[in-house]
Amino acid sequence: MNSDEIEITLNGAPTQVPVGTNVAELVTRILPNARAYAVEVNRSVLSRREHAERTVKHGDVIEVVTLVGGG
Amino acid sequence: MTAPFAPAVPPLSIAGFTLQSRLVTGTGKYRDYETMQRALDVSGCDAVTVAVRRERLVDAQGRSLLDFLDLARYTILPNTAGCFSAEDAIRVSRLGREILDSVDNPGKHWVKLEVLGDRKTLLPDPVGTLEACRELVKDGFTVLCYSSDDPIMAVRLRDAGAASVMPAGSPIGSGRGIANPANIALILELLKDPAAGGDAAYPVIVDAGVGTPSDVTLAMELGADGVLLNTGIAHAKDPVRMAHAMKLALDSGYHGARSGRIERKLHASASSPWQGSIASTVIPGE
Chain S
26 MNSDEIEITL NGAPTQVPVG TNVAELVTRI LPNARAYAVE VNRSVLSRRE
76 HAERTVKHGD VIEVVTLVGG G
Chain L
2 MTAPFAPAVP PLSIAGFTLQ SRLVTGTGKY RDYETMQRAL DVSGCDAVTV
52 AVRRERLVDA QGRSLLDFLD LARYTILPNT AGCFSAEDAI RVSRLGREIL
102 DSVDNPGKHW VKLEVLGDRK TLLPDPVGTL EACRELVKDG FTVLCYSSDD
152 PIMAVRLRDA GAASVMPAGS PIGSGRGIAN PANIALILEL LKDPAAGGDA
202 AYPVIVDAGV GTPSDVTLAM ELGADGVLLN TGIAHAKDPV RMAHAMKLAL
252 DSGYHGARSG RIERKLHASA SSPWQGSIAS TVIPGE
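So the sequence lines, in the order shown, correspond to chains S and L. My numbering puts the first residue of the first sequence at 26, with every later residue one more than the last. My numbering puts the first residue of the second sequence at 2, with every later residue one more than the last.
Among the hints, a few may not be true.
Estimated spans, in silico, between C-beta atoms of each pair [stated by the list, open to error]:
(1) L:G198 with S:V86: 32 to 38 Å
(2) S:E32 with L:V104: 28 to 34 Å
(3) S:R60 with L:G118: 33 to 39 Å
(4) L:D119 with S:I55: 50 to 56 Å
(5) L:D119 with S:A38: 24 to 30 Å
(6) L:D160 with S:R74: 46 to 52 Å
Listed below are several chain L residues computed to face chain S (Cβ distance under 7 Å; list not exhaustive) [unchecked claim]:
(7) T28
(8) V51
(9) R54
(10) V104
(11) V241
Keep in mind the hints are simulated off the structure, nothing from the lab. We treat Cβ as the ideally placed atom computed from N, Cα and C, and that holds for glycine.
The shape of chain S in the complex, shown without the other chains (with noise of 0.2 Å):
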């Protein structure tokens, strides 16, 4: 991991992040066309209008979540 990188545990996996990023921007990278879904930060649901304030710091658990077929 590069000093200017901190590790985040994104849906499950360890990864590397670099420092300053925010969540809005997170989700921009890995997710370009998503259209429904959701970010919980550290078990508490990140509405979206917070996601470019949210600072992503080292050590947060983030799931970004969507809806699949289900019963």
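Once you have looked at the hints, place chain L on chain S.
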């Protein structure tokens, strides 16, 4: 010429949601999205269940579920399938609400709550279900609550604020139909019969285990307000035709329940008159 007799099945109202069709169908397990899309259309449903999962986005051809669901047509009912604790079910409910809020679907206000107790049977954990139901109601959700067919549990969930109790006919995906019709009848009595402390308008939907159209008909004949199913259509050899059959079955059961069936009797009752028969009155063995 007499007018055609075609009474309509009226819409079902669930805490502010109005479902034109009483058949709620799942979106899982289809062999491809095109088949799912056609089966949903043919089933006539206007509410469909979905699951909330980590973003993988696409199928092998680069497509996602939402490319095949008309969000202007269907009310999306997110489930908490796969959750084995109240805490996880609450997290998933909130994530589902956030997703549907982002696409402005009315389903953002409701959830199909499932808290499972066992991976092999997928039977609900009653304690976790009750705990999650209370919390979600407090959080403003309209909770449609998957439950076992235990009548007392159904009452407890209603009392906890569930907008609808949805007892399983039999385990999820088992295709065993209504395993215990007497329990479903007791649930319907306790929740819907004013003489038993119920409310005729309280919606009870039979969820899970449906394998064949006659299962849907039986649920409706017992007096259920609707049926929720997925595997029975999705895993049929011809899902689209089965969706059509399930729709007809629901309508049959609805009307049958309101037509006053005959009593079950031990002995026969001839439909043709005895009088005027030319047959011998000597009956062998009498």
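Going down the list of hints, with the structure as the test:
no., hint, result
1, L:G198 with S:V86: 32 to 38 Å, "45 Å, violated"
2, S:E32 with L:V104: 28 to 34 Å, "32 Å, holds"
3, S:R60 with L:G118: 33 to 39 Å, "34 Å, holds"
4, L:D119 with S:I55: 50 to 56 Å, "34 Å, violated"
5, L:D119 with S:A38: 24 to 30 Å, "28 Å, holds"
6, L:D160 with S:R74: 46 to 52 Å, "36 Å, violated"
7, T28, "4 Å, holds"
8, V51, "4 Å, holds"
9, R54, "5 Å, holds"
10, V104, "5 Å, holds"
11, V241, "16 Å, violated"
Checked against the numbered hints above, the structure violates hints 1, 4, 6, 11; every other hint is satisfied.
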